[in-house]
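**Q** In case you want the letters, here they are:
Number of protein chains: 2
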Amino acid sequence: MTQNSLRETVRVDLGDRSYDIVIGPGLIAEAGAQIAAREPGIRCAVVTDRNVAAAHLDALLGSLAASGIEAAPLVLEPGEKTKRFDELVHVCDHVLGARLERGDAVLALGGGVIGDLSGFAAGIVRRGMGFIQVPTSLLAQVDSSVGGKTGINSSHGKNLIGVFHQPDLVLADTDVLDTLPIREFRAGYAEVAKYGLIDRPEFFAWLEKNWRDVFSGGEARIRAIATGCQAKADAVAADEREHGSRALLNLGHTFGHALEAATDYDGRRLVHGEGVAIGMVLAHEFSARMNLASPDDARRVGHHLREVGLPTVMSDIEGELPPTDILMKHIAQDKKVRRGALTFVLTRGIGQSFVADDVPADEVFRFLEEKRAS
Amino acid sequence: MTQNSLRETVRVDLGDRSYDIVIGPGLIAEAGAQIAAREPGIRCAVVTDRNVAAAHLDALLGSLAASGIEAAPLVLEPGEKTKRFDELVHVCDHVLGARLERGDAVLALGGGVIGDLSGFAAGIVRRGMGFIQVPTSLLAQVDSSVGGKTGINSSHGKNLIGVFHQPDLVLADTDVLDTLPIREFRAGYAEVAKYGLIDRPEFFAWLEKNWRDVFSGGEARIRAIATGCQAKADAVAADEREHGSRALLNLGHTFGHALEAATDYDGRRLVHGEGVAIGMVLAHEFSARMNLASPDDARRVGHHLREVGLPTVMSDIEGELPPTDILMKHIAQDKKVRRGALTFVLTRGIGQSFVADDVPADEVFRFLEEKRAS
Ligand SMILES: NC(=O)c1ccc[n+]([C@@H]2O[C@H](COP(=O)([O-])OP(=O)(O)OC[C@H]3O[C@@H](n4cnc5c(N)ncnc54)[C@H](O)[C@@H]3O)[C@@H](O)[C@H]2O)c1
Ligand SMILES: NC(=O)c1ccc[n+]([C@@H]2O[C@H](COP(=O)([O-])OP(=O)(O)OC[C@H]3O[C@@H](n4cnc5c(N)ncnc54)[C@H](O)[C@@H]3O)[C@@H](O)[C@H]2O)c1
Ligand SMILES: [Zn+2]
Ligand SMILES: [Zn+2]
Chain D
1 MTQNSLRETV RVDLGDRSYD IVIGPGLIAE AGAQIAAREP GIRCAVVTDR NVAAAHLDAL
61 LGSLAASGIE AAPLVLEPGE KTKRFDELVH VCDHVLGARL ERGDAVLALG GGVIGDLSGF
121 AAGIVRRGMG FIQVPTSLLA QVDSSVGGKT GINSSHGKNL IGVFHQPDLV LADTDVLDTL
181 PIREFRAGYA EVAKYGLIDR PEFFAWLEKN WRDVFSGGEA RIRAIATGCQ AKADAVAADE
241 REHGSRALLN LGHTFGHALE AATDYDGRRL VHGEGVAIGM VLAHEFSARM NLASPDDARR
301 VGHHLREVGL PTVMSDIEGE LPPTDILMKH IAQDKKVRRG ALTFVLTRGI GQSFVADDVP
361 ADEVFRFLEE KRAS
Chain U
1 MTQNSLRETV RVDLGDRSYD IVIGPGLIAE AGAQIAAREP GIRCAVVTDR NVAAAHLDAL
61 LGSLAASGIE AAPLVLEPGE KTKRFDELVH VCDHVLGARL ERGDAVLALG GGVIGDLSGF
121 AAGIVRRGMG FIQVPTSLLA QVDSSVGGKT GINSSHGKNL IGVFHQPDLV LADTDVLDTL
181 PIREFRAGYA EVAKYGLIDR PEFFAWLEKN WRDVFSGGEA RIRAIATGCQ AKADAVAADE
241 REHGSRALLN LGHTFGHALE AATDYDGRRL VHGEGVAIGM VLAHEFSARM NLASPDDARR
301 VGHHLREVGL PTVMSDIEGE LPPTDILMKH IAQDKKVRRG ALTFVLTRGI GQSFVADDVP
361 ADEVFRFLEE KRAS
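As they're listed, the protein sequences go chains D and U. Just so you know, the first sequence maps onto residues 1 to 374 in this note's numbering. Just so you know, the second sequence maps onto residues 1 to 374 in this note's numbering.
Isolated chain D, as found in the complex (with noise of 0.2 Å):
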């Protein structure tokens, strides 16, 4: 991580697919001197949605043609609902329509949805092209921006057709996320948190010290950015195609893709973010149960984060959930199953994540069982 007055970059090691990931303020007004400097006569098709453009495309656009960079937007519906075949084609045409060639790229203003999915465009039109993410949610930022996954979700699940492509550049301007949503803000912060609780302590500790100052913006919340990126881009660079300990990456996943899919991906019960605080608790709970963490780390994440104000146990979502069964169907299906064990990131406490590839199916339904009559 190196720093320069209020601009971080972390470098993402991965051999010649190797890139930056620019982390500060202003960013979008200097976005066309970032990627001219690094790549001059590159074309971009810009991808965004609604909610993003409105606050934050035109200022891009006009920092490219002020660079000369020629850029032809498209703008999508926002939400989940927008990764899926028929926009995924959608992109794909608008990239072909643009006449753009391999060595130009696809930019992705926007959220995970935007990320994920132009990526996946990017992966695939002309077997590869060029990809520069311009994340403008936190959980975007520290998360799905970096390490190349992308995707669409198919009628069998979350995120389950894509393609690992790595961008070729990363500018996250802080100063976006003071447009967006607050509920967004907050789910993101659960991934920052995350890393925490992987295997950051010490960063866990000082996020329950200054988490008021990564909501409120400045040095706090580039400095929690920047470990965020920092951490997934060490966990990236280890493990680029998720084989091993990139998984860990996944703690809190299950349960909460799981809860997702329980509220059928619906945004307004229940956003990715607050589906993996609550998993988040409940890996923390079931470890303690399992007898392998205190119960008391359990209960600090659960405090923490139910101070910022996310949600941290099931019955905090609002509407009837399906009966346990089918939320085990949910966590079989979830793609981290291989060949019938049910895999898990468990926990030795706050900083000691592991991968468990044999936890017993039976334990985890009675878990749940308990968990939400409580």
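Incorrect hints may have been included.
Since copy identity is lost for identical chains, a pair holds within one copy or between any two.
Unchecked claim - Lysine to any residue pairs mimicking SDA-like chemistry, simulated, CA-CA at most 20 Å apart:
(1) K329 with R99
(2) K371 with G319
(3) K158 with A98
(4) K158 with G103
(5) K158 with V89
(6) K81 with D93
(7) K158 with E242
(8) K158 with G97
Note that these hints are calculated values from the structure, not bench results.
For this one, chain D is given, so just place chain U with the ligands on it according to the hints.
**A** Below, chain U with the ligands alone, put in the same frame as chain D:
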């Protein structure tokens, strides 16, 4: 290339993505044993088309079952039109519906259409799962099943959407070609001859003498297919993602693709290998005209391809061709064009092809005007 009575094995060297191409008679009946020996416990989605299914699906499924390999078959319509987004979704849904996991495989039983489509699906379901090619057309055996290029067509052009996804194994049963329509056999033969024309002049001379035996079957056919696979494997190992030398494999293809587009990809008028045959003759003639090669070489190529029954001049194509400026538009749209400059594979003589990236468009235009008049 290692030989074992009538069986040859060509290894494609790509580090941890290396794989074998096994070539010889009776391999469909032996597929179960071949696969089970390499990947114990694997399950498969078998994708094929109606023509191939009628002749070979039962034999393959029987062989898999005999080795205890679970297989979920999917039969699609034959023809180039199957390489489209709808059918990609269809295959992905089938694979997910069969609950296959990352370590399981999509098995393509068919020609290049089935191979390209299924390989693309294998490359994107769960961000990449296993892939086995059982090519049943001559073109697929010597070309499309080897090298990992997969994809579908778009309204903007052929093969514009796809991924690089290497198979784990290729089983080329030389007997299955006996049910292939002769016109398709000839079309595949154009790609076999192409390897001689690129950089194996002695192989081209051998084909001139032995082509009748290649058509009738037996050892000459196995030898021709194995040589073709070896040539393709060498090109792929040298340049997996087509950044440079692999472009030589496009000999005859820029003209060929333009002719396919000009005939609306109507297989009744022109199939891919026929376009390549005419395209290779044109590439040799154009090279002669540019004083790069002797006109005798162009005549020799035309003579041989005509002798085996392939079309070799534009007027061999049934019906009207569009005006030359439309052909030029198709040439410019071909994905081998970079930032406006026309890139062609030209030649200094038989077996001496090279990539020229500075071919003047007006020379090509005049050349085509003359050729179509002749
Ligand atoms: N690829 C990965 O590695 C990875 C990792 C984690 C999550 N994801 C995916 O990311 C998605 C969730 O991402 P997300 O939470 O960013 O969702 P999102 O893209 O839907 O964004 C959330 C909402 O905030 C709005 N928004 C975004 N930035 C804004 C801004 N600056 N101002 C105003 N509004 C703004 C969006 O329009 C949307 O309504 C999920 O689909 C998830 O699967 C991917
Ligand atoms: N991926 C690559 O590297 C690559 C290379 C070259 C060509 N291609 C693609 O391959 C496709 C052409 O392949 P193709 O020529 O095999 O076309 P194809 O798959 O359409 O097969 C040709 C016809 O022969 C039939 N057929 C195939 N095997 C048969 C058999 N054993 N018995 C009876 N009928 C049989 C098919 O049903 C079809 O009607 C094109 O789409 C082209 O773009 C890909
Ligand atoms: Zn997440
Ligand atoms: Zn070809």
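**Q** List in ascending order the numbers of the hints, as given earlier, that are violated by the structure.
**A** Violated hints: none at all, because every hint is consistent with the structure.
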